[in-house]
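Same order as they appear, the protein sequences are chains A and B. Using numbering that gives the first Met the number 0, the final residue of the first sequence is 215, and nothing's skipped along the way. Using numbering that gives the first Met the number 0, the final residue of the second sequence is 347, and nothing's skipped along the way.
Rather than coming from a laboratory, the hints here were simulated on the basis of the structure. These figures come from a predicted structure and were not determined experimentally. Cβ coordinates follow ideal geometry from the N, Cα and C atoms, glycine included. Hints should not be assumed to be uniformly reliable.
Computed footprint of chain B on chain A, listed as stretches where at least three residues anywhere in the stretch have a Cβ under 8 Å from a Cβ of chain B [unchecked claim]:
(1) 55-61
(2) 197-206
Restricting the straight-line Cα-Cα distance to at most 20 Å, the calculated cross-link-like pairs of lysine to any residue (SDA-like) are [said to hold, decoys possible]:
(3) A:Lys-63 with B:Gly-287
(4) B:Lys-339 with A:Tyr-148
(5) B:Lys-145 with B:Arg-260
(6) B:Lys-264 with A:Gln-27
(7) B:Lys-187 with B:Gln-281
(8) B:Lys-264 with A:Val-59
(9) B:Lys-339 with A:His-184
(10) B:Lys-166 with A:Asn-105
(11) B:Lys-339 with A:Ala-35
(12) A:Lys-31 with B:Lys-264
(13) A:Lys-136 with B:Asp-73
(14) A:Lys-112 with A:Asn-153
(15) A:Lys-112 with A:Gly-22
(16) B:Lys-339 with A:Asn-153
(17) A:Lys-136 with A:Gly-22
(18) B:Lys-264 with A:Lys-136
(19) B:Lys-166 with A:Asn-153
(20) A:Lys-63 with B:Gln-281
(21) B:Lys-187 with A:Gln-158
(22) B:Lys-339 with A:Gln-188
(23) A:Lys-125 with A:Ser-113
(24) B:Lys-264 with A:Cys-162
(25) B:Lys-339 with A:Arg-84
(26) B:Lys-166 with A:Lys-31
(27) B:Lys-339 with A:Gln-158
(28) A:Lys-76 with A:Ser-113
(29) A:Lys-112 with A:Arg-157
(30) B:Lys-187 with A:Ala-209
(31) A:Lys-31 with B:Arg-260
(32) A:Lys-136 with B:Thr-285
(33) B:Lys-264 with A:Ala-35
(34) B:Lys-339 with A:Ala-209
(35) A:Lys-63 with B:Glu-276
(36) A:Lys-63 with B:Val-288
(37) A:Lys-56 with B:Lys-166
(38) B:Lys-264 with A:Glu-34
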Amino acid sequence: MSIFDPCKPINTTTPMKTVDTTGLRCPQPLIKLKEALQSLEEGNRLTVITDNDTSLKNMVAYLKENGVDPEVTSEGKLHTILTGRPSGDLEGVDPAAYCDNDTRANDYAVCIKSEWMGEGDPALGKLLMETFLENLKLQEQLPTHIVLYNSGVNLATRQSPVCSSLTELEELGTRIMLCGTCVDHYGVQYDIAVGMISNMVSLTEILASAGHVVYP
Amino acid sequence: MDKPFDLLSTIEYGGCSAKLPAELLSEVLKELPVVLDPKLMVDAGTHDDAGVYRLDGKRALIFTTDFFPPVCSDPFEFGEIAAANALSDIYAMGGSPLIALNLMMFSAEKIPLEVFGEILRGGNEKVTEAGALIVGGHTLDDHPPKYGLAVLGMVHPDQLITNAGAKPGDHLILTKRIGSGALVSGQKNGLAGPDEYRGAIEQMKQLNRAGAEMAAKYGISGMTDITGFGLAGHALKMAVASGVSLRIQAASVPLLPGAFRIFEKGSIPGATFRNREYTGDQVHFTRGVVYSMKMLMHDAQTSGGLFMSVNPDHVEDLVNDLKTSEPELSVAVIGEVLSKSPRRIYVE
């Protein structure tokens, strides 16, 4: 018998939704999980129960790849996943729309011609380059590409002080393109730690089609 | 009249694809003794599509096999698809098929015998279309059924094309749409439209012959066919074998209608997850490439297209020539070859 008690406090913990997928085989549990996530409100949590090891692995892989770290508890054959809403996975995206190549007027590429920013004292030039790239990654709009040529390619080696800034920019979605001839010229092909080693044909295309080009 | 037998009903509900995970395969293969023979032009070492054995200055044999459980309902079409898929390995090396053997696993206790005949008839029709001959075969009692071919082909040693020849600066061409794994999974889970599913079937039946002919004509530097390890997996194998990195524009990769929507719904086969796990950090995705597209890049293909690395000067002529000789193919330029960079594949 259930008694309605108006004095009982309303559940103040995070609202929770549960999806039971026991007995279902792959890919049904993932289909159910994605369905449930669509209607899950921001900040709420979802519990998914599965008895299929492969489905567990795949659902966790899906969540992790989309930026959520789910909690998994297992009791015998029964696994419970507790998760929030993944931020990375967009709903109802048109495959053609997510990665359009239109050059918008404010799209820009950064072209780095040497290890040094500006002319004059090389020690100062190196320091300026470090500061420039650190500030670049804080910009609201990031460059679509960073093109590195001549001694600029040395910035992409693992010994370079800006290696981590470039890696971060690459993770944020900027494409780092290196001049292959220059990499060979400086003999650093085995030290390159970030970016794609490309050629003049592609680099020219990038610079020619960018909305504008920034030369630090 | 009896309802036609549905081959898809023989395989496990939503069954994940039949291929052994790539990393397990590598682990087993590395324990085997390495075969060294000057006549052997391509061995298992580079994970290529087939073995190649030089007979003399003008002739080399290409030897390959592939077989798998049903990917569609109709037995005749399953035969056609399995045969087109097995023949594809010969084409991917730039050769032409000569003779083939049927490999069949079939339980007459569980499936009507006519189905057996229909599968063989479909296979035979495809092999005939390819200008080759079926000269025999072998059958085992097993369920669910599996079918495919062992194929012997020929190539001029100078025209042999492996996955180890991609050169920096080359452009990358793909000759079929991606998403056959998605459509088969979508069909099993009631998420594929009839036309969408039909589109996948028709594409899987297409021979890759025209691609092999173009290879000889335009001097393609590297080639492979896209099958169980997906576009990203086979691209990775090509990059490693060639000592290069590849850059692929996701928006240029042609998809089978329905494939993206099916993955958005979460109907993603287990093989896709295994392939994604295998490529791991070696494949870099630019932010903006959405999850379903990442996974479609890892979708296991049955009888997928050819993936070619081509000198940019020849790309336009080759694409036009391919489109003229095989109007049904969805030929697309999807990227370029880079010098070996920190990651093997860049998808943007």
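We went through each hint and held it up to the structure:
1. 55-61: holds (count 4)
2. 197-206: The restraint on the segment 197-206 of chain A holds, since 4 of its residues have a Cβ under 8 Å from chain B and three suffice.
3. A:Lys-63 with B:Gly-287: Given pair Lys-63 of chain A, Gly-287 of chain B holds - Cα atoms ~16 Å apart, limit 20 Å.
4. B:Lys-339 with A:Tyr-148: Between Lys-339 of chain B and Tyr-148 of chain A the Cα gap is close to 17 Å, so the pair holds against 20 Å.
5. B:Lys-145 with B:Arg-260: Measuring from Cα to Cα gives roughly 29 Å; hence the hint is violated.
6. B:Lys-264 with A:Gln-27: Roughly 10 Å between the alpha carbons, so the hint for Lys-264 of chain B and Gln-27 of chain A holds.
7. B:Lys-187 with B:Gln-281: violated, 32 Å
8. B:Lys-264 with A:Val-59: Holds. Lys-264 of chain B to Val-59 of chain A sits at ~16 Å (cutoff 20 Å).
9. B:Lys-339 with A:His-184: With Cα atoms ~15 Å apart, Lys-339 of chain B and His-184 of chain A stay inside 20 Å; holds.
10. B:Lys-166 with A:Asn-105: Violated. Lys-166 of chain B to Asn-105 of chain A sits at ~34 Å, over the 20 Å cutoff.
11. B:Lys-339 with A:Ala-35: Judged against 20 Å, a Cα distance of about 42 Å means the pair is violated.
12. A:Lys-31 with B:Lys-264: holds, 9 Å
13. A:Lys-136 with B:Asp-73: Roughly 55 Å separates the two Cα atoms, so the pair is violated.
14. A:Lys-112 with A:Asn-153: holds, 11 Å
15. A:Lys-112 with A:Gly-22: Given pair Lys-112 of chain A, Gly-22 of chain A is violated - Cα atoms ~60 Å apart, limit 20 Å.
16. B:Lys-339 with A:Asn-153: Holds, at about 16 Å.
17. A:Lys-136 with A:Gly-22: Judged against 20 Å, a Cα distance of about 48 Å means the pair is violated.
18. B:Lys-264 with A:Lys-136: With Cα atoms ~34 Å apart, Lys-264 of chain B and Lys-136 of chain A exceed 20 Å; violated.
19. B:Lys-166 with A:Asn-153: violated, 23 Å
20. A:Lys-63 with B:Gln-281: Holds. Lys-63 of chain A to Gln-281 of chain B sits at ~17 Å (cutoff 20 Å).
21. B:Lys-187 with A:Gln-158: The hint is violated at about 52 Å.
22. B:Lys-339 with A:Gln-188: Distance of about 8 Å is within 20 Å: holds.
23. A:Lys-125 with A:Ser-113: holds, 10 Å
24. B:Lys-264 with A:Cys-162: violated, 39 Å
25. B:Lys-339 with A:Arg-84: It is violated: about 37 Å lies between the C-alpha atoms, which goes past 20 Å.
26. B:Lys-166 with A:Lys-31: violated, 44 Å
27. B:Lys-339 with A:Gln-158: holds, 18 Å
28. A:Lys-76 with A:Ser-113: Status violated; Cα separation ~59 Å.
29. A:Lys-112 with A:Arg-157: Given pair Lys-112 of chain A, Arg-157 of chain A holds - Cα atoms ~19 Å apart, limit 20 Å.
30. B:Lys-187 with A:Ala-209: Cα-Cα ~45 Å, so violated.
31. A:Lys-31 with B:Arg-260: Distance of about 15 Å is within 20 Å: holds.
32. A:Lys-136 with B:Thr-285: With Cα atoms ~15 Å apart, Lys-136 of chain A and Thr-285 of chain B stay inside 20 Å; holds.
33. B:Lys-264 with A:Ala-35: The given pair, whose Cα atoms are some 11 Å apart, holds under the 20 Å limit.
34. B:Lys-339 with A:Ala-209: Not OK: Lys-339 of chain B and Ala-209 of chain A at ~25 Å, beyond 20 Å, violated.
35. A:Lys-63 with B:Glu-276: holds, 12 Å
36. A:Lys-63 with B:Val-288: holds, 16 Å
37. A:Lys-56 with B:Lys-166: It is violated: about 37 Å lies between the C-alpha atoms, which goes past 20 Å.
38. B:Lys-264 with A:Glu-34: holds, 7 Å
Going down the numbered hints, you'll see the structure goes against 5, 7, 10, 11, 13, 15, 17, 18, 19, 21, 24, 25, 26, 28, 30, 34, 37, while the others check out.
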